[in-house]
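Peer 1: Chains H and L are the protein sequences, given in the same order.
Going by numbering that gives the first Met the number 0, the first sequence opens with residue 0, and the numbers climb by one from there.
Going by numbering that gives the first Met the number 0, the second sequence opens with residue 0, and the numbers climb by one from there.
I should point out that these hints are in silico values taken from the structure, not numbers from a laboratory.
It cannot be assumed that every hint is accurate.
Unchecked claim - When the alpha-carbon atoms are kept at most 25 Å apart in a straight line, the in silico SDA-like pairs for lysine to any residue are as follows:
hint : chain 1 : residue 1 : chain 2 : residue 2
1    : H       : Lys180    : L       : Pro228
2    : L       : Lys387    : H       : Arg127
3    : L       : Lys387    : H       : Gln12
4    : H       : Lys52     : L       : Arg468
5    : L       : Lys120    : L       : Pro90
6    : L       : Lys18     : H       : Gln93
7    : L       : Lys18     : H       : Arg127
8    : H       : Lys123    : H       : Glu67
9    : H       : Lys52     : L       : Val393
10   : L       : Lys120    : L       : Ala148
11   : H       : Lys25     : L       : Pro228
12   : L       : Lys387    : H       : Ser18
13   : H       : Lys25     : H       : Glu5
14   : H       : Lys52     : L       : Gly380
15   : H       : Lys52     : L       : Glu398
16   : H       : Lys123    : H       : Gly160
17   : L       : Lys17     : H       : Gln93
18   : H       : Lys52     : L       : Asn299
19   : H       : Lys52     : L       : Pro228
20   : H       : Lys123    : L       : Val377
21   : L       : Lys120    : L       : Pro106
22   : H       : Lys52     : L       : Asp375
23   : L       : Lys17     : H       : Glu171
24   : H       : Lys180    : H       : Glu67
25   : H       : Lys52     : L       : Thr364
26   : H       : Lys52     : L       : Gly390
27   : H       : Lys52     : L       : Thr220
28   : H       : Lys133    : L       : Leu224
29   : L       : Lys296    : L       : Leu402
30   : H       : Lys133    : L       : Thr220
31   : H       : Lys123    : L       : Lys17
32   : H       : Lys52     : L       : Val377
33   : H       : Lys52     : L       : Lys120
34   : H       : Lys52     : L       : Lys18
35   : H       : Lys26     : H       : Arg206
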Amino acid sequence: MMIQFERVTKRFQNITALSELTLSIKKGEIFGLVGPNGAGKTTAIRILCGALKPTSGRVTVAGMDVGERGTEVKRLIGYLPEEPNLYERMTPRQLLRFFASLYEVEDAEARIEELLTLVGMEEKVDVRIATFSKGMRQRISIARALLHDPEILILDEPTMGLDPLTAREIREFVASFNGRKTVLLCTHYMPEAEQLCDRVGILHRGRLVALGSPEQLKAELEQDGWESPTLEDVFLRYTRGG
Amino acid sequence: MRVLAIARRELWEILSNKKFMLAFIVQTLLLLALLPAFGNLFAQGNLALPTPTLKGFTPLGVVVQSDDCSVLLASLEQNERLRLYSFSSPPEEELRRGLIAGYLLIPPEYRESTLEVLEVKLFLSQGIKSSSTLDAVKESVERASAELAAERQRQLNSELGSAITLKREFLKPVVVVKRGENRRFSSFFLAYLVPLVLFFPIFMSGGLVVDAIVGEKERGTIEALLTAPFSRYEIVLGKFLALWGFVTAECGVWIIGVAAVGVPLARPAEALVLLAALNALVVAIAILLALYSRNLKEANIALMLFYVPLFVALIYALTVEFFSPRNFFAYIPFNLISRAVSGETFVGHAFPLVTLLLSALAACTIAAAAVLSYRDDVIFGPRPGFLKIAGDVVEATLERGRLAGAALALVLSPLLFIAATVAEVALAALMGWLLGLTVAFLYTVVLLSAVVEEVLKLLPVLLVLRRRRTWVSAGSILLVAAASAMGFFLVETAITGFVAGLLFSIPLTTLLYARATSTLVMHLAGGMLAGLGVYRRGKRGFLLVALAIALHALFNLIVLEVAL
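All chains, full assembly: derive it from the sequences and hints.
Peer 2: Structure (structure tokens):
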């Protein structure tokens with residue numbers, strides 16, 4: 000298993016953001032973590048990335064405990080946060096150079112050129128990020144997440160707030176990783192999860208309430224008497240109880 | 000390397016901030032334009048302004064009418080604070096014009112070879128702060144007096160307390176002439192205004208710190224940093240290095256600028272070293288406050304509450320040092336910088352000591368900020384209260400074992416001592432009100448203070464026993480109790496020593512020796528007995544605590560009897 004959550008709980012004072020989460024993600028799999036706002040998706044991701052420490056339980060990545068070998072684990076992960084917050088005064092080239100120095104990327108200049116071409120930003124390399132649209136920022140964020148060629152890609156709501164064209168390009172981009180990288184995709188846009196993910200886990204109030212491939216989850220609903228259910232129906236059933 | 004990468008980026012962020020850099024350039028240009036103007040004003044001002052902290056900057060007239068005053072004259076000449084001008088008759092005109100701060104009259108009847116008590120008169124201008132001139136003259140007269148007294152004692156084999164008396168007289172009215180003939184920079188300009196200018200970058204560092212720490216949290220850019228492969232302390236350290244480096248460089252630029260416009264800075268390198276050390280501490284505290292703040296508004300308020308008292312302290316320290324120097328103030332960093340600028344010598348090892356102390360405090364503060372940065376609730380919220388953080392630190396420390404528990408007891412002892420003092424003063428006030436200032440009042444207070452101190456010394460032991468810990472045993476509890484007692488004794492001795500030194504000139508070592516053979520034994524025995532009592536619980540435990548209090552009370556009573 001590439002990623003394993005073992006009975007992970009996270010509390011913020013009196014609020015339990017994540018409760019006893021147990022989950023395994025295979026190497027090369029695109030896994031969708033879905034759930035309504037406040038379900039604990041971002042908390043789970045932050046724990047996986049080493050940005051948060053669990054109150055109890057443990058997370059392992061490629062067999063390494065995130066708490067004990069955080070620095071090594073972080074080298075395996077490329078993280079795209081929900082909001083593409085970047086240093087506004089920098090240009091894409093400056094930003095990527097900075098992160099390349101943090102990740103100690105070899106032959107950084109060539110890698111930066113390659114990635115900026117990949118995300119279609121090669122003509123904006125020396126323009127200040129402050130002037131960019133959200134879609135352009137998202138592309139730069141993706142380039143930043145891929146900079147050190149990580150084995151695992153964690154994408155938190157990668158298409159939220161983007162125009163349909165950019166969102167589609169990003170989805171195609173994610174789909175292209177299938178089998179090559181392990182992807183944890185966080186979203187509450189069900190068609191996206193249905194289209195891209197091999198398996199989906201539904202989080203609700205910090206608990207994993209459903210787990211399986213989109214087909215399996217829909218089949219379960221069909222057995223319960225639903226007609227041609229969608230993943231959205233599955234989502235609503237588990238999160239609304241309807 | 001990663002720390003340097005973060006520091007470089009932070010520095011780049013500051014340098015690319017056009018508004019900030021523009022403000023810095025305008026401030027520097029204004030400084031360079033205004034400083035010579037101020038310098039001119041003061042250069043043409045009144046030299047008789049009290050100038051106690053500067054070598055040779057207290058201009059004093061000496062009217063020598065006696066031909067037997069070599070000891071006093073030699074003593075006056077040895078005094079580095081004085082610049083002497085000889086006159087054959089009272090220099091009333093020079094004093095009126097403000098060219099001298101006062102004059103000392105050595106009358107014809109002053110003859111050091113006689114066995115009479117001699118008298119000299121010091122004439123000072125009323126209206127100008129004259130205490131510093133008086134202090135300087137007093138120092139010389141007392142030195143000469145002691146020398147003469149010793150000589151007479153040697154000759155007569157009899158004791159004579161004082162050989163010379165100094166009479167002070169104020170002259171009035173005084174007209175202070177604003178435009179004197181001497182156009183040198185006055186000491187006020189060098190010892191007060193120039194250091195004040197050099198501190199400006201430190202007081203302007205708040206905005207940079209807020210932007211670097213809270214800005215990163217508010218803009219959400221911190222998330223990408225936290226998921227990069229390095230530790231949080233590296234982020235804090237990188238940011239600290241950049242901010243500290245930039246503010247120190249600002250101070251350096253200002254020093255060069257001030258020197259470039261002709262201000263004669265005596266020891267600019269030493270001033271810069273001290274400014275760098277002071278900067279380190281101020282920036283570190285600002286980072287700690289900003290890290291704890293939830294948003295920009297809160298951080299700005301917190302930093303304002305930090306910088307305003309700091310500025311008041313700066314003004315107060317410079318003013319006291321300038322107008323009425325005291326030894327203690329010679330160790331205040333602001334004053335050391337003032338001395339480096341004006342050429343006044345440092346007291347003892349004040350320069351390396353204060354530099355080291357500031358650097359050590361800065362390192363501790365940055366370490367505390369780094370520890371704070373590891374808390375998820377501080378970075379992502381909801382923010383914990385001070386007590387929660389303190390409680391967590393105590394718990395984490397106690398988890399490390401008995402030695403950590405003993406260390407914690409030592410660290411807590413200043414707080415326990417303060418709490419004990421407050422409680423004892425309150426109880427004394429209450430008893431005074433109930434019993435009046437009688438002998439019974441004294442006995443009651445010393446008995447109550449025994450209860451208060453023994454109970455408060457137990458606090459670290461109670462913290463240890465609050466949870467079941469694997470390392471807790473009778474031996475480890477005795478260790479923690481002993482550490483608590485030792486810490487309490489050390490703080491008590493240090494404070495008593497400071498007061499005794501101040502009031503009765505008793506050396507700290509003498510006091511330490513006297514207390515180590517009596518009070519320490521009582522504190523250790525009492526603390527360990529009480530600690531064991533709390534550990535054992537039950538009737539026996541209670542008896543042990545009572546025995547500890549009784550022992551302490553008995554000791555206090557013996558001391559009181561001796562004192563009475």
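Peer 1: Give a verdict on every hint.
Peer 2: Against the structure, the hints:
1. H:Lys180 / L:Pro228: holds, 19 Å
2. L:Lys387 / H:Arg127: Violated, at roughly 42 Å.
3. L:Lys387 / H:Gln12: At roughly 10 Å apart (the allowed maximum being 25 Å), glutamine 12 of chain H and lysine 387 of chain L satisfy the hint.
4. H:Lys52 / L:Arg468: Roughly 24 Å separates the two Cα atoms, so the pair holds.
5. L:Lys120 / L:Pro90: Judged against 25 Å, a Cα distance of about 13 Å means the pair holds.
6. L:Lys18 / H:Gln93: Given pair lysine 18 of chain L, glutamine 93 of chain H holds - Cα atoms ~21 Å apart, limit 25 Å.
7. L:Lys18 / H:Arg127: holds, 17 Å
8. H:Lys123 / H:Glu67: Distance of about 40 Å is beyond 25 Å: violated.
9. H:Lys52 / L:Val393: Within the cut-off at roughly 20 Å; holds.
10. L:Lys120 / L:Ala148: Cα-Cα ~19 Å, so holds.
11. H:Lys25 / L:Pro228: With a Cα-Cα distance of about 23 Å, the restraint between lysine 25 of chain H and proline 228 of chain L holds, given a limit of 25 Å.
12. L:Lys387 / H:Ser18: holds, 23 Å
13. H:Lys25 / H:Glu5: It holds: about 15 Å lies between the C-alpha atoms, which stays within 25 Å.
14. H:Lys52 / L:Gly380: holds, 13 Å
15. H:Lys52 / L:Glu398: It holds: about 19 Å lies between the C-alpha atoms, which stays within 25 Å.
16. H:Lys123 / H:Gly160: holds, 21 Å
17. L:Lys17 / H:Gln93: Judged against 25 Å, a Cα distance of about 17 Å means the pair holds.
18. H:Lys52 / L:Asn299: Cα-Cα ~29 Å, so violated.
19. H:Lys52 / L:Pro228: Holds, because 15 Å separates the two Cα atoms, which is no more than 25 Å.
20. H:Lys123 / L:Val377: violated, 36 Å
21. L:Lys120 / L:Pro106: holds, 8 Å
22. H:Lys52 / L:Asp375: holds, 7 Å
23. L:Lys17 / H:Glu171: At roughly 40 Å apart (the allowed maximum being 25 Å), glutamate 171 of chain H and lysine 17 of chain L break the hint.
24. H:Lys180 / H:Glu67: holds, 24 Å
25. H:Lys52 / L:Thr364: Distance ~24 Å between lysine 52 of chain H and threonine 364 of chain L Cα, so the pair holds.
26. H:Lys52 / L:Gly390: holds, 19 Å
27. H:Lys52 / L:Thr220: Within the cut-off at roughly 19 Å; holds.
28. H:Lys133 / L:Leu224: holds, 20 Å
29. L:Lys296 / L:Leu402: violated, 41 Å
30. H:Lys133 / L:Thr220: Given that 25 Å is the threshold and the Cα spacing comes to 15 Å, the pair holds.
31. H:Lys123 / L:Lys17: Measuring from Cα to Cα gives roughly 22 Å; hence the hint holds.
32. H:Lys52 / L:Val377: Measuring from Cα to Cα gives roughly 13 Å; hence the hint holds.
33. H:Lys52 / L:Lys120: violated, 76 Å
34. H:Lys52 / L:Lys18: Answer violated: lysine 52 of chain H to lysine 18 of chain L is near 38 Å, above 25 Å.
35. H:Lys26 / H:Arg206: Roughly 23 Å between the alpha carbons, so the hint for lysine 26 of chain H and arginine 206 of chain H holds.
Against the hints set out earlier in the document, violations occur for numbers 2, 8, 18, 20, 23, 29, 33, 34.
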